[in-house]
Amino acid sequence: GTSPLEIIINSLGDAYGNPLSADVQSGSIAPVPEPATFILIGFGLGGIGILRRKKGF
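The opening residue of the sequence shown carries number 7 in my numbering; numbering runs sequentially from there.
All clues stand as given, with none of them false.
Taking CB as the label site, the calculated pair distances span:
1. Arg58 <-> Ile35: 33 to 39 Å
2. Val38 <-> Arg58: 23 to 29 Å
3. Ile14 <-> Phe49: 36 to 42 Å
4. Lys61 <-> Ser34: 41 to 47 Å
These are computed hints drawn from the structure, not numbers from a lab. Values in this document were obtained by computation on a predicted structure and should not be read as measured data. The C-beta atom is built at its ideal place from N, Cα and C for all residues, glycine as well.
Build the full structure now, drawing on both the sequences and the hints.
Now the structure itself:
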């Protein structure tokens, strides 16, 4: 599923007398599948390990 997201920005004006403004952005956030995330992290860490081994640190 997805989760709803709403961001509301209010600005009451500044020292020059600019008027009140409001902006509302709505949308939804899709979850990231955890197995794919863990695989990407694993590949990244594995690549770092291979590079460190080749450089001899």
